[in-house]
Amino acid sequence: MKLTRKIMLIALIGLFSQFSMADNASSAKEIADIVASLNHFPSDADKAALMAISADDSLAEGVRAMATAVANFAHSANDEGKSAMAEIQANDQAPDRARALAGIIGSLMHMASADAKATLAALYP
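In terms of my numbering, the sequence shown is numbered consecutively and its last residue is 150.
Source of the hints: derived by calculation from the structure; they are not laboratory data.
The beta-carbon is built from N, C-alpha and C at its ideal position, and this holds for glycine as well.
Some hints could be false.
Derived DEER-like restraints, expressed as beta-carbon distance ranges [said to hold, decoys possible]: (1) H65 <-> S108: 15 to 25 Å; (2) D117 <-> D69: 32 to 42 Å; (3) D69 <-> N103: 31 to 41 Å; (4) H65 <-> E105: 28 to 38 Å; (5) A139 <-> D82: 28 to 38 Å.
Dumping the calculated EDC-like pairs for lysine to aspartate or glutamate here, alpha-carbon to alpha-carbon at most 20 Å [to be verified]: (6) K142 <-> D58; (7) K107 <-> D117; (8) K72 <-> D82; (9) K72 <-> D48; (10) K72 <-> D121; (11) K54 <-> D71; (12) K54 <-> D104; (13) K54 <-> D69.
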């Protein structure tokens, strides 16, 4: 398990440098919009969009990990999703917006609070 985490962390560090690219940015915005509208579970349409992001190898691993965590959301992120979000938050090379989004995903219970929605709207207009 430790080896898997180290590999993921290395991949996150290497791939987050591309986070600001248009595809990554638009995918992160889509994830943020879904998180802001989440109500216990992602809708079928949201889940399909999230799974498409998760499967897109051209996107940064961190973006894909966030999409996977939200796609698997059932009242809260599962343990694997929370762990991945904690790794993104701990990654000093991850952009502040990505770390903030990961923090919201990792701590979300049932739906985004008014504060979380305001943060998401400010970070991903």
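**Study point:** Violated hints, by number in ascending order, as checked against the structure
**Key:** 3, 4, 10 and 12
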